[in-house]
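So the chains spell out like this:
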Amino acid sequence: MTDTATATSSVLPEGWEMVIGLEVHCELHTATKLFCSCPNSFGDEPNANTCPTCLGLPGSLPVVNEQAVELAMRLGRALRCDVKRSIFARKNYFYPDQPKDYQISQYDLPTNEHGHLDLPSGLRVGITRAHIEEDTGKLNHVGGGGRIHDAAHSLVDYNRAGVPLVEIVSEPDLRTSEQAKEYVAELRAILLATGVSDAKMEEGSMRVDANVSVNRAGEPWGTRCEIKNLNSLRSLGRAIDHEALRQIQLLESGERIRQETRHWDEASGRTGTLRSKEDADDYRYFPEPDLVPLEPTSEDIARIDAALPPLPAARRATLAEAAGVETTDAAVVLAVQRDLDPLALGALGAGADAARVLTHIEHNLAVDGAEALSPEHLATLVKMETGGELTATQAKAVLAEMVETGQDPAAIAKAKGFEALDTGALEAIVDEVIAANPDEWETFRTGDDKARGKLTGFFMGQVMKASKGQADGKAATALLRTRAGL
Amino acid sequence: MSEPATAVEIATAVRSGERSARSVVEAHLAAIEAREADVHAFNLVTADAALARADEVDARVAAGEDPGPLAGVPIALKDNLCTTGVPTTCSSKILDGWRPPYDATVVQRLAAAGAVSVGKTNLDEFAMGSSTENSAFGPTKNPHDLTRVPGGSSGGSAAAVAAGFSPLGLGSDTGGSIRQPAAFCGIVGAKPTYGAVSRYGLVAFASSLDQIGPFATTVADAAVLLEAISGHDPLDSTSLPEAPLALTDHLTRGVEGLRVGVVKELLDAEGIAPDVQARTRAAVEALEAAGAKVEEVSVPAVIYGLSAYYLIAPAEASSNLARYDGVRYGLRVDAPTTGEMMDATRTAGFGPEVERRIMLGTYALSAGYYDAFYGKAQKVRTLIIRDFEAAYERCDVLLSPTAPTTAFPFGAKADPLAMYLNDVCTIPSNLAGHPAISVPFGTGDDGLPIGVQVMAPALAEGTMFQVAAALEAHLAEEGASS
Numbered sequence: 004m005t006d007t008a009t010a011t012s013s014v015l016p017e018g019w020e021m022v023i024g025l026e027v028h029c030e031l032h033t034a035t036k037l038f039c040s041c042p043n044s045f046g047d048e049p050n051a052n053t054c055p056t057c058l059g060l061p062g063s064l065p066v067v068n069e070q071a072v073e074l075a076m077r078l079g080r081a082l083r084c085d086v087k088r089s090i091f092a093r094k095n096y097f098y099p100d101q102p103k104d105y106q107i108s109q110y111d112l113p114t115n116e117h118g119h120l121d122l123p124s125g126l127r128v129g130i131t132r133a134h135i136e137e138d139t140g141k142l143n144h145v146g147g148g149g150r151i152h153d154a155a156h157s158l159v160d161y162n163r164a165g166v167p168l169v170e171i172v173s174e175p176d177l178r179t180s181e182q183a184k185e186y187v188a189e190l191r192a193i194l195l196a197t198g199v200s201d202a203k204m205e206e207g208s209m210r211v212d213a214n215v216s217v218n219r220a221g222e223p224w225g226t227r228c229e230i231k232n233l234n235s236l237r238s239l240g241r242a243i244d245h246e247a248l249r250q251i252q253l254l255e256s257g258e259r260i261r262q263e264t265r266h267w268d269e270a271s272g273r274t275g276t277l278r279s280k281e282d283a284d285d286y287r288y289f290p291e292p293d294l295v296p297l298e299p300t301s302e303d304i305a306r307i308d309a310a311l312p313p314l315p316a317a318r319r320a321t322l323a324e325a326a327g328v329e330t331t332d333a334a335v336v337l338a339v340q341r342d343l344d345p346l347a348l349g350a351l352g353a354g355a356d357a358a359r360v361l362t363h364i365e366h367n368l369a370v371d372g373a374e375a376l377s378p379e380h381l382a383t384l385v386k387m388e389t390g391g392e393l394t395a396t397q398a399k400a401v402l403a404e405m406v407e408t409g410q411d412p413a414a415i416a417k418a419k420g421f422e423a424l425d426t427g428a429l430e431a432i433v434d435e436v437i438a439a440n441p442d443e444w445e446t447f448r449t450g451d452d453k454a455r456g457k458l459t460g461f462f463m464g465q466v467m468k469a470s471k472g473q474a475d476g477k478a479a480t481a482l483l484r485t486r487a488g489l
Numbered sequence: 040m041s042e043p044a045t046a047v048e049i050a051t052a053v054r055s056g057e058r059s060a061r062s063v064v065e066a067h068l069a070a071i072e073a074r075e076a077d078v079h080a081f082n083l084v085t086a087d088a089a090l091a092r093a094d095e096v097d098a099r100v101a102a103g104e105d106p107g108p109l110a111g112v113p114i115a116l117k118d119n120l121c122t123t124g125v126p127t128t129c130s131s132k133i134l135d136g137w138r139p140p141y142d143a144t145v146v147q148r149l150a151a152a153g154a155v156s157v158g159k160t161n162l163d164e165f166a167m168g169s170s171t172e173n174s175a176f177g178p179t180k181n182p183h184d185l186t187r188v189p190g191g192s193s194g195g196s197a198a199a200v201a202a203g204f205s206p207l208g209l210g211s212d213t214g215g216s217i218r219q220p221a222a223f224c225g226i227v228g229a230k231p232t233y234g235a236v237s238r239y240g241l242v243a244f245a246s247s248l249d250q251i252g253p254f255a256t257t258v259a260d261a262a263v264l265l266e267a268i269s270g271h272d273p274l275d276s277t278s279l280p281e282a283p284l285a286l287t288d289h290l291t292r293g294v295e296g297l298r299v300g301v302v303k304e305l306l307d308a309e310g311i312a313p314d315v316q317a318r319t320r321a322a323v324e325a326l327e328a329a330g331a332k333v334e335e336v337s338v339p340a341v342i343y344g345l346s347a348y349y350l351i352a353p354a355e356a357s358s359n360l361a362r363y364d365g366v367r368y369g370l371r372v373d374a375p376t377t378g379e380m381m382d383a384t385r386t387a388g389f390g391p392e393v394e395r396r397i398m399l400g401t402y403a404l405s406a407g408y409y410d411a412f413y414g415k416a417q418k419v420r421t422l423i424i425r426d427f428e429a430a431y432e433r434c435d436v437l438l439s440p441t442a443p444t445t446a447f448p449f450g451a452k453a454d455p456l457a458m459y460l461n462d463v464c465t466i467p468s469n470l471a472g473h474p475a476i477s478v479p480f481g482t483g484d485d486g487l488p489i490g491v492q493v494m495a496p497a498l499a500e501g502t503m504f505q506v507a508a509a510l511e512a513h514l515a516e517e518g519a520s521s
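Going down the list, the sequences are from chains U and H.
Going by my numbering, the letters in the first sequence line up with residues 4 to 489, in that order.
Going by my numbering, the letters in the second sequence line up with residues 40 to 521, in that order.
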């Protein structure tokens with residue numbers, strides 16, 4: 004890969020570096036919860052999806068959901084992890100959203116360990132582990148501004164309690180907030196491609212904790228702080244940058260960084276202390292005696308590997324090769340992120356111009372429903388463009404309607420009355436515009452590149468006005484240059 | 040007692056229509072009425088539900104159906120087994136008012152076998168204790184001597200069976216909580232192989248050690264009850280895949296040629312009374328006389344069992360009992376913040392022994408101490424299993440006393456350590472996950488019952504019951520000839 008990620012961030016003052024490691028929690032896309040047969044679904048009436056086991060009633064016992072284990076192992080293999088014998092462990096702490104006052108998680112023997120994730124930019128990020136655990140319930144604080152400390156009372160919804168999660172822990176291999184966002188975006192693409200999770204950050208089915216430290220260039224890494232529960236890529240980037248700057252300010256004023264857990268307040272754009280290391284719970288992990296070890300056989304692993312769908316990196320390579328561009332090409336990266344690579348490949352296969360296809364993918368198809376577009380229709384549209392039947396502007400309008408209606412591009416173009424001017428008509432309009440603006444034309448013809456650049460915009464505006472938007476901008480520009488003898 | 044009939048006799052009579060389940064239940068309710076005020080075996084007697092259930096059984100018989108192998112047999116359930124809509128207290132204030140919305144698997148299986156629950160029996164709070172003195176609702180008395188404890192923690196079920204309140208009882212055994220009260224009350228009590236009986240619906244004390252098991256007046260009754268409750272349960276991940284145990288065929292096989300080992304370390308353990316040692320030796324001789332090959336064997340690691348147990352069991356308990364936080368069920372003591380509410384609830388709800396074990400267990404699992412305590416205890420557990428395996432290469436079953444003494448007077452073991460020593464012979468089977476049974480084998484110098492323990496490898500309950508039946512037969516002959 005060519006464009007290797009750089010290790011400097013624009014937001015940091017000269018001479019400072021940051022180190023980032025991420026913990027990503029995401030809900031597994033199972034039919035039922037991790038240890039009982041209650042539905043795993045979002046948005047239901049509070050406490051509708053509960054039973055003695057996920058309520059932690061006395062005498063209830065957990066039974067592990069095979070589908071959850073299968074999905075977790077599938078993710079592990081997609082992240083190139085070792086998938087081995089693993090056990091569940093209890094993480095003990097008291098909290099009202101925690102029905103048993105312990106969480107069934109994994110500790111020293113997680114299901115997946117020692118993997119890696121290759122980012123589109125070429126950076127390889129180590130995956131320390133990806134373990135299985137159950138989610139907690141959800142507290143709703145009533146009165147007093149909705150915070151736990153001054154609420155009149157709190158209500159607990161246990162629908163989420165026992166929902167299966169994987170926690171994916173990265174090595175501290177990230178150096179900028181951009182890389183962190185790229186990592187999460189790529190991880191999300193893998194979760195979607197493998198069907199492991201629907202990874203909806205806005206619904207909380209994917210949440211990110213960021214560990215951030217700073218150090219002066221050439222010096223050892225600093226003390227880290229953890230920012231909890233970031234639920235959008237934008238928050239992630241802002242929180243990391245803010246936290247790094249906060250730490251640098253402290254260090255520059257001679258203070259020390261205390262290891263602590265912080266929360267991100269999106270409204271104020273700041274992080275604040277949640278708890279310091281000294282207050283941290285001792286979770287008293289021990290092997291969960293109510294469950295037996297998970298022992299995948301080599302046949303299980305082979306079966307999972309065989310069933311893995313093409314992963315984003317491979318899909319980028321396929322599309323890049325078909326389009327004759329680099330795998331780091333922005334349109335290629337976006338196409339795979341948005342699941343549009345089958346569309347692009349289909350259109351290319353139908354003989355459409357690669358540059359036009361990628362342009363549409365990158366600029367005109369970042370919308371819902373784009374993946375349902377027919378590759379043949381996209382190819383037809385691109386051919387109409389390259390054949391001069393539609394201008395780029397018209398093609399964009401037609402494309403938008405194709406996404407909406409699924410109709411054939413020729414029919415849409417006809418209905419809209421789009422017809423590109425033939426070459427003769429365009430020449431006539433261009434000559435008319437030149438004749439009407441002799442001074443500008445003289446400058447265009449004889450001036451330097453800068454002046455000509457400015458005037459190109461002027462002439463194009465005149466041409467579009469005269470042609471009522473039907474002129475092909477590219478063809479008109481080329482014609483202007485020919486007339487100027489360039 | 041007016042109702043000497045065994046469970047097997049009752050079920051036979053009820054299934055054949057010779058006797059109604061209602062008359063059986065009425066007779067036992069009358070026995071409870073007569074003596075429960077003295078014994079205090081029950082936290083709750085469910086007389087009306089029992090009679091209604093008996094009528095159902097009778098209706099099935101009248102309809103020509105077979106209500107099952109325990110048709111019409113009254114049974115007493117330890118009050119840590121969940122029963123739908125019926126308070127399940129674990130003899131703790133903290134579960135005040137809680138009624139489970141579901142039945143334990145064993146309770147369902149008993150119903151399917153035609154048994155009739157007569158009530159929920161007293162126990163040491165959350166099954167933590169060896170005398171039933173730790174109950175929040177007052178102690179149970181030993182029916183043989185009301186000044187003495189019935190043993191524990193399943194003292195209520197043991198006393199109920201010994202007093203003739205019900206021919207059968209269910210207990211749970213984490214470190215001897217079925218076998219020791221069986222010995223103290225002069226009845227049969229068995230702890231099955233770990234995983235042979237589902238734990239679903241048993242309120243957990245120490246999950247890796249807890250097993251539900253039968254109390255009965257005869258070995259055959261205990262066998263029939265264990266058959267009815269055993270077998271795989273998909274709701275318990277630690278449940279073994281095996282089909283229900285088949286035991287009754289073994290009862291008449293005798294012990295000719297069986298290899299029986301007496302565990303030296305347990306027979307000579309600290310605190311084993313001379314009369315208990317004498318009865319254990321008498322049991323060995325009885326088996327030898329019946330054709331068994333007897334030898335003394337060494338299982339060296341069992342001497343560490345007690346120490347390992349008192350780290351593992353409290354550690355698991357500290358986590359299992361965390362959920363009693365006042366948030367959703369049971370006791371809640373209100374306080375300004377959630378954290379303070381949890382503290383106040385737990386302080387008011389748990390008795391001193393439960394508090395002590397939660398503290399011990401929390402400490403044993405703490406960062407920096409885990410390896411030295413919990414980790415080390417698990418290694419001891421592995422050693423005990425290994426030593427047992429070696430002994431079982433030479434022997435089919437092993438023998439030891441069940442408890443160091445006969446039933447002791449109330450208050451005699453006020454020192455927790457003295458109380459813990461009561462479990463020295465029973466704990467190793469829990470740590471190994473092996474089955475063990477206590478069979479009455481005569482009385483001590485004070486005239487109170489003594490039990491002998493028969494231990495067997497995992498899933499060798501058949502052989503274990505075979506030996507238990509032989510001891511029972513010998514005792515009957517001994518009684519007949521004296």
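By construction, these hints were calculated from the structure, which means they are not laboratory data.
It is possible that part of the hints are untrue.
Here are the simulated DSSO-like cross-link-like pairs (lysine-lysine), alpha carbons at most 27 Å apart as the crow flies [unchecked claim]: (1) U:Lys471 to U:Lys457; (2) U:Lys386 to U:Lys477; (3) H:Lys303 to H:Lys332; (4) H:Lys418 to U:Lys94; (5) H:Lys418 to U:Lys87; (6) U:Lys419 to U:Lys477; (7) U:Lys386 to U:Lys419; (8) U:Lys94 to H:Lys415; (9) U:Lys386 to U:Lys453; (10) H:Lys303 to U:Lys87; (11) U:Lys417 to U:Lys471; (12) U:Lys399 to U:Lys386.
Computed Cβ-Cβ distance ranges for the label pairs, DEER-style [stated by the list, open to error]: (13) H:Glu295 to U:Pro42: 57 to 63 Å; (14) H:Glu281 to U:Thr276: 50 to 56 Å; (15) U:Arg306 to H:Glu295: 47 to 53 Å; (16) U:Arg306 to H:Arg395: 31 to 37 Å; (17) U:Val295 to H:Arg433: 50 to 56 Å.
C-beta atoms are modelled at their ideal positions from N, C-alpha and C, and glycine is treated no differently.
Structure versus earlier hints, numbers of those that do not hold, lowest first: Going through the list in order, the structure violates hints 9, 10, 16, 17 and respects the others.
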